[in-house]
Amino acid sequence: MSTYPTEPLKCWNKAKELRENFYADYAAAKERGGLRWMGSAWAFDAVPRGLGKDVYTITGEPYAASCAFNRPVSAEFLKASENYGFARDLCSYMRNYWGSILVNKYAFGGEYPKPDFAWTQHICCSHGKWYQNACELEGGDVPLYVVDVGAGAYPPFEPIYEHRVKYVADQLLDGIEWLEKVTGRTFDDELFLEAAWNDIRSTNKWAEICMLNRTVPAPLDEKSIYALYVFGTLEKSSGAFADFYDELYDEVKDRVDRGIAAVGNEKLRWMSDTQPPWGFLNTYRYIELWGAVSIGSIYTYGLTGMWLYDDKTRDLRPRPLPDKKPGTREEACTMLADWHLSKPEYQHFYSPRYKIDMMDAIARNWKVDGIILHYNRGCEGLSIGIAETRLGLIEKGHKVMTYEGNMGDEREFDESATLNRIEIFLETMGLQKPVMGHEETLRQ
Amino acid sequence: MAIEKFQEWYENRHEYQMDWKKRTGNKIVGYFCTYVPEEIFYAFDVLPVRILGSHQMQDVTEPHLFGMFCPFCRDVLAQGLKGKYDYLDGIMIAQSCIQLRQAYTSWEINKNPGWSHYLPMPNHVQSPRALPFLLGEYEILIKKLEDLTGKKITDSDLQRGIEIMNNARRVMKDIYEFRKQDSPPITGVECMYMACAQFFTDAREWLPVAEEVKKELQTRKLDRDPGKRLLLVGSENDEIEFIKMVETLGERESVGATVVVEEHCTTTRYFWDEVEQPSSDPLTAIAERYIARVPCPAKDWPERTRLKQISKLAKDFNVDGAIVIQQKFCDPHETDIPFVRKHLEDNEIPTYFLEFDVTTPAGPFAIRVEAFLETLEAEADLF
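Order-wise, the sequence lines are chains A and B.
With our numbering as the guide, the letters of the first sequence map in order to residues 238 to 681.
With our numbering as the guide, the letters of the second sequence map in order to residues -3 to 379.
So here's chain A without its partners, still in its complex pose:
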């Protein structure tokens, strides 16, 4: 039944090890006399790297996704947040995260490791509040710095304005002084410049990796992509992660050259849009049994990767690396501000039109047959404009289905009903339900 050859990723175990070490390092930071900080996956993590080589982070979104993946742990955390008085309809990442603090349990074992400071960014209206509250729940003695990136859309969606880049860059410069003040450490510009370049090269490389998925058969499926894109959300300025993406690129390129498929029976390609219900990733494997592979999404491509949308060719292309590395603290802050303001996942905060254009570009250029949108009750930020996105994609001629769920709160995801909808969608696109024992296993 397989049409294409397939094989496991060689770097899979290395990816697992890197990820496990990341969380273990954060927990063990104090044993090494190091510092811990918490903040968003979207934060400018290159900056705290200037404090030294013994500074470790936990980024809230991927940590909360890991909590959600472990449903009993997640249930405990969500309950703790609700008992504290937080509304059940708030971002489920935040509720998992706050619950982890309230229960004082680290999802990877032991007590929740208290950070020394919080360093984050604000694009969704919950981002600043997330860490403001986390600091309060930690006892009120964890200092907080937030960089506002809500400075408007990037070209071609809006013109470039110097004051917008400067606003973000200046907050980063102020943030460096703040970091020195709250940690008592001297900021090392050399470490920062290196980290800033790692950030830029890793997010560029991830986009190049995603470009390889234009190939038929796709060398990567989205369930696997979730385990790989995550490094850009854990700490994109890490040299080890940036190097890993170089290695991954070579391997995926080799798969393309040899015609190795992620899904051997690829007959149909689909794409998603935002975070999946993390406790139910086996849905992706079920869909693969039908011969349908998810090639990715604006979420996995555009959160970790840096792209530019070309409105003439209606295509997304990896944003080229800057001509030269930054040489000073000021240059690095301006470069990082400008680089990240072009992040695709920032653009759609300003209009669904921008997301429609970018998703249309992926759908056409990655040869997508259908689009499945997750009406994600757990993330207001990435669900913003989703209903208009659906209408816009249909208007552009795409086949679109939706399901309602929650990335981090299993109580708001009806697995059986969702699978029924997906089956009908796949049948309307000409696929037939597979006759396999495996299917029954999944649906139990």
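Just so you know, the hints here were simulated from the structure itself, not pulled from any lab data.
Relax, there's no trap hidden among the hints.
Simulated pairs of lysine to any residue, SDA-like, Cα-Cα distance not exceeding 20 Å:
no., chain 1, residue 1, chain 2, residue 2
1, B, 139, A, 398
2, B, 338, A, 322
3, B, 211, B, 0
4, A, 351, A, 258
5, A, 316, B, 335
6, A, 267, A, 422
Based on these hints, arrange chain B on the given structure of chain A.
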């Protein structure tokens, strides 16, 4: 009574606005959030009107707005989709919450009046970097308003805009002073009509009526027992039916109440802070005002400054209790509410929490508010 005029404006906002346009020949821009600098619009002789919902059930927004977003933003969008504002010449939002932003972007996509503007109002208002950024954004807004009106403005036009808005804010604050009295001569409902009428009318036409009300309040006595003095705190609120229910409870039950002050973006957060005068640079003065005003919780970080304002209002207006009002799905307020409640309780202000949707379930809420008021009575009895 002059005060009845505000209810008339509140209930007939579209008639007023269409008539204003006919009378003046000038343009009207609808805005979605109180971070829009109305002073700049008045400088261009453009009437800025805030778009609020109608508190009526509707079925037009479902294809455009995911149902998990707040009922207020859906209600607002419904007004546009149903054609209630087809007379507008433009729409605008200043960045605040992402919920309301969707009402704006959906409106722009589906009912674009030909002019629209998204102002990225800085979120980090506690940063010194917010001011130069906002000034840059105001320059962009001014260029776009030049396109809309064909006019250029001067500093004296901006000064005029500042005076128009400051005069209205000052009178509104004067009116609130009367609510500090043991037996306020103005009810919470009347005040809500008056405050919201500012959104729907030309401030220059609202002002003389407000000044007349100010005169009348000096001698006005209401034939009612004010009962318990309440503070309302929370999301956008023009829940007239709810306030009416609260303030008439005493006519039916053994306990009654008066809303003496609110901390909402329909009332105090909107008008409490003036633009500092005199200023040699009016645009900077306007920007400073919007950065320093009592913030929406979406912008209230890293320090939660709103708490101080809430407890100050509670103390200055001598409240017996607070009702924390939340629009369902209003994330910025939901992230603050546990801390607002704790702050109030730490300051010995009994607090009750209610969640609102598009319509007000007056019956069930009456039972709950009555029970809350009874607990306040019980505490008074104890001591």
